[in-house]
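Going line by line, the protein sequences match chains A and B.
Heads up: the first sequence begins at 1 in this note's numbering, then just goes up one per residue.
Heads up: the second sequence begins at 1 in this note's numbering, then just goes up one per residue.
Treat the hints with caution; some may be incorrect.
Any copy, or any two copies together, can satisfy a pair, since identical chains are not distinguished.
Calculated pairs, SDA-like style, for lysine to any residue (alpha carbon to alpha carbon, straight line, at most 20 Å) [unchecked claim]: (1) Lys264 / Gly71; (2) Lys2 / Glu98; (3) Lys301 / Val188; (4) Lys300 / Leu253; (5) Lys264 / Glu42; (6) Lys259 / Gln73; (7) Lys373 / Ile271; (8) Lys185 / Arg220; (9) Lys264 / Glu98; (10) Lys259 / Leu72; (11) Lys373 / Pro200; (12) Lys264 / Val74; (13) Lys2 / Ser99; (14) Lys12 / Gly161; (15) Lys301 / Asp189; (16) Lys2 / Thr254; (17) Lys185 / Gly161; (18) Lys2 / Gln120; (19) Lys264 / Ser99; (20) Lys185 / Pro208; (21) Lys184 / Val40; (22) Lys264 / Asp44; (23) Lys263 / Leu72; (24) Lys2 / Gly100; (25) Lys259 / Ser41.
In short, the hints are calculated from the structure, not lab data.
The primary structure of each chain is shown beneath.
Protein chains: 2
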Amino acid sequence: MKIAVLGVAQTKFGELWDQSLPDLLVRSQLSAIRDAGIAVSEIDEIFTGTMCAGLFLNQSNIGVIAAEVLGLQVPSTVVEGACASGGLAVRAAIMAIESGQADIVLVSGVEKMTDVGSQQVADGLVSAASHEFEQIHGITFAALNALIARLYMHTYGLSRGQLAQVSVMNHDHGFTNSLGHFQKKITVDDVINAPMIADPLTLLDCSPISDGAASLVLCREDVARRLGNDHVFIIGSGQATDTMMLSEREDLLTWRATKLAAKKAYAMAGIDTDDVDLIELHDAFSITQLLALEDLGFYKKGFGIGSVSIDNDLIVNRSGGLKSRGHPVGATGVAQVVAVVQQLREGIGSVGLTHNVGGCGSTAVVHVLNREKL
Amino acid sequence: MKIAVLGVAQTKFGELWDQSLPDLLVRSQLSAIRDAGIAVSEIDEIFTGTMCAGLFLNQSNIGVIAAEVLGLQVPSTVVEGACASGGLAVRAAIMAIESGQADIVLVSGVEKMTDVGSQQVADGLVSAASHEFEQIHGITFAALNALIARLYMHTYGLSRGQLAQVSVMNHDHGFTNSLGHFQKKITVDDVINAPMIADPLTLLDCSPISDGAASLVLCREDVARRLGNDHVFIIGSGQATDTMMLSEREDLLTWRATKLAAKKAYAMAGIDTDDVDLIELHDAFSITQLLALEDLGFYKKGFGIGSVSIDNDLIVNRSGGLKSRGHPVGATGVAQVVAVVQQLREGIGSVGLTHNVGGCGSTAVVHVLNREKL
Numbered sequence: 001m002k003i004a005v006l007g008v009a010q011t012k013f014g015e016l017w018d019q020s021l022p023d024l025l026v027r028s029q030l031s032a033i034r035d036a037g038i039a040v041s042e043i044d045e046i047f048t049g050t051m052c053a054g055l056f057l058n059q060s061n062i063g064v065i066a067a068e069v070l071g072l073q074v075p076s077t078v079v080e081g082a083c084a085s086g087g088l089a090v091r092a093a094i095m096a097i098e099s100g101q102a103d104i105v106l107v108s109g110v111e112k113m114t115d116v117g118s119q120q121v122a123d124g125l126v127s128a129a130s131h132e133f134e135q136i137h138g139i140t141f142a143a144l145n146a147l148i149a150r151l152y153m154h155t156y157g158l159s160r161g162q163l164a165q166v167s168v169m170n171h172d173h174g175f176t177n178s179l180g181h182f183q184k185k186i187t188v189d190d191v192i193n194a195p196m197i198a199d200p201l202t203l204l205d206c207s208p209i210s211d212g213a214a215s216l217v218l219c220r221e222d223v224a225r226r227l228g229n230d231h232v233f234i235i236g237s238g239q240a241t242d243t244m245m246l247s248e249r250e251d252l253l254t255w256r257a258t259k260l261a262a263k264k265a266y267a268m269a270g271i272d273t274d275d276v277d278l279i280e281l282h283d284a285f286s287i288t289q290l291l292a293l294e295d296l297g298f299y300k301k302g303f304g305i306g307s308v309s310i311d312n313d314l315i316v317n318r319s320g321g322l323k324s325r326g327h328p329v330g331a332t333g334v335a336q337v338v339a340v341v342q343q344l345r346e347g348i349g350s351v352g353l354t355h356n357v358g359g360c361g362s363t364a365v366v367h368v369l370n371r372e373k374l
Numbered sequence: 001m002k003i004a005v006l007g008v009a010q011t012k013f014g015e016l017w018d019q020s021l022p023d024l025l026v027r028s029q030l031s032a033i034r035d036a037g038i039a040v041s042e043i044d045e046i047f048t049g050t051m052c053a054g055l056f057l058n059q060s061n062i063g064v065i066a067a068e069v070l071g072l073q074v075p076s077t078v079v080e081g082a083c084a085s086g087g088l089a090v091r092a093a094i095m096a097i098e099s100g101q102a103d104i105v106l107v108s109g110v111e112k113m114t115d116v117g118s119q120q121v122a123d124g125l126v127s128a129a130s131h132e133f134e135q136i137h138g139i140t141f142a143a144l145n146a147l148i149a150r151l152y153m154h155t156y157g158l159s160r161g162q163l164a165q166v167s168v169m170n171h172d173h174g175f176t177n178s179l180g181h182f183q184k185k186i187t188v189d190d191v192i193n194a195p196m197i198a199d200p201l202t203l204l205d206c207s208p209i210s211d212g213a214a215s216l217v218l219c220r221e222d223v224a225r226r227l228g229n230d231h232v233f234i235i236g237s238g239q240a241t242d243t244m245m246l247s248e249r250e251d252l253l254t255w256r257a258t259k260l261a262a263k264k265a266y267a268m269a270g271i272d273t274d275d276v277d278l279i280e281l282h283d284a285f286s287i288t289q290l291l292a293l294e295d296l297g298f299y300k301k302g303f304g305i306g307s308v309s310i311d312n313d314l315i316v317n318r319s320g321g322l323k324s325r326g327h328p329v330g331a332t333g334v335a336q337v338v339a340v341v342q343q344l345r346e347g348i349g350s351v352g353l354t355h356n357v358g359g360c361g362s363t364a365v366v367h368v369l370n371r372e373k374l
């Protein structure tokens, strides 16, 4: 598999009071199209990932908006998989191209989260967990992850201070990302002493509530060849599912969907973890970064904290990750691809990985990218 | 293009107080898998269309449920395009197969609409219209369609009684469909004298609020060959988009998305309207059946009412259509394919068409099916 990434763009992420969802969407779309150097009329199909537009804005049918703002009548479809909506939209776009139905596809992720109150946001986020068996107990999405964090600390002897280092690292990386939600360094003490959200996770263990959009223009290899000779390609794509209910899992500290998605993506790309130079992974909470690095195969169980070491070869969340770049949920999976493409274009490495999760590890999608001359 | 439909199933549609969304989904899935004669473990990927699960049940991430209920860890994705969600899921499944990512795909549509009050249902349905420019005026989804109905009656001299005949015909057809929401014949007077919803549309001009699910098992031609020699195939697939806002349209009485989707599907299948024996089309409201038949190319503008004539060669909505079979919104596009497959298997015709719409004509998806021996 070889799908060229012709263009990438991300809006500013943050509390963007003066921009609506369509505003954000069209800005990221037009920037990605400009970056690709194509005309709007060359787009054959559109996919858009969004999770909460219905819940927060009473707006379904976003696919129509995604085409209408560009003056297009092409097929335009919304893809949803909770916080993995963006990554799933990327995979759907890849399949549209590989199927021969489309040569050039525009794929976006978008979310507008700050127009509603915090209770409505909490309700929206926990919609990714089982309504019948989990939400009914009143648990929040943060609390589901907190249960896992507590078990991890107990099982592997991880200290509160070590866990906090994940957020510190992501804020360090995000300090220079002007499009991120935050450009602010934090300390371990800041994390530990922040307001408690769900013990042991404080406010600074949790990714923020953000507005934002990100877009990609993808195409077949031969179309890319016509448009230039130096591109980033998606060379592997894997998606998998775990049980929604944590109570059904054999092991709460292994996210099977991540393992399966990674295995498939690596096999498709013909790589293993040693070949990977950089990752943008799904640190929705500090704990999820550790699980991700272990389940992606970079660390043995219990050793994911090694990734925050300053002299680590593997570059993790150089964009700041969900914690510092921000987490407009439907946009995140697309923004991760944008970040990896930008790093590969800058020559920071030659093989990059994205890892996007929906729910409490129940959906995972992994993409492998490289840069090469055609 | 040639995608085999190995298995089809539909649950009862109606007010199903004792069944949850996962109940409905898994029942239709297992019935379709049984009809296909395959093992659950042979499924490579899952797509599910749903519009209102988030809004009505606070349940996103339905893709996970769709895999979990079957004990599968395969990629499982939700596709949304308002009331066209089911049809868009079928098209996504086709692309997954054509891309080579999956050999056998399970595609479902599901909606659980009767667990919430009528105001919440009205809010949910109008989420398909523009939040910023249409919903804000307090207009309902039925009222948007009523504006079109009134204009059509004015422009083409259609009488109230003629419009009512559409619902009468669909209820006549649906009388013997035991899985439909209604098995009840109605008269023109019944329609005209029913409670007014949005002038000129009465309750009996509007499809009902239904629970239900429908599923298909799709596969590549060579996989189908291995499993038997007599199949229904999807041979054409087209999807297109119109503006969401009615105020942006050049002609309110032409649904451009339907025209474009049909043109593409016919070209792909190598057919024209003369080749079509039967249609399952999107009669969300009586008026939309007339627009559909005209925009699909079967009647000139203003003459769609000819389709309700008893001696009409073209078989329209033999299942009862959305009006009588019921309209669990996300399930409808899949249920239409189920109905066409069943009719083709019964030898009622050799070429069938499905026509599924999202919003007030803003998304349309058309599939062409035929039956042949391999």
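Those earlier numbered hints the structure runs against, lowest number first: Violated hints (numbers, rising): 3, 8, 11, 14, 15, 16, 18, 21; every other hint is consistent with the structure.
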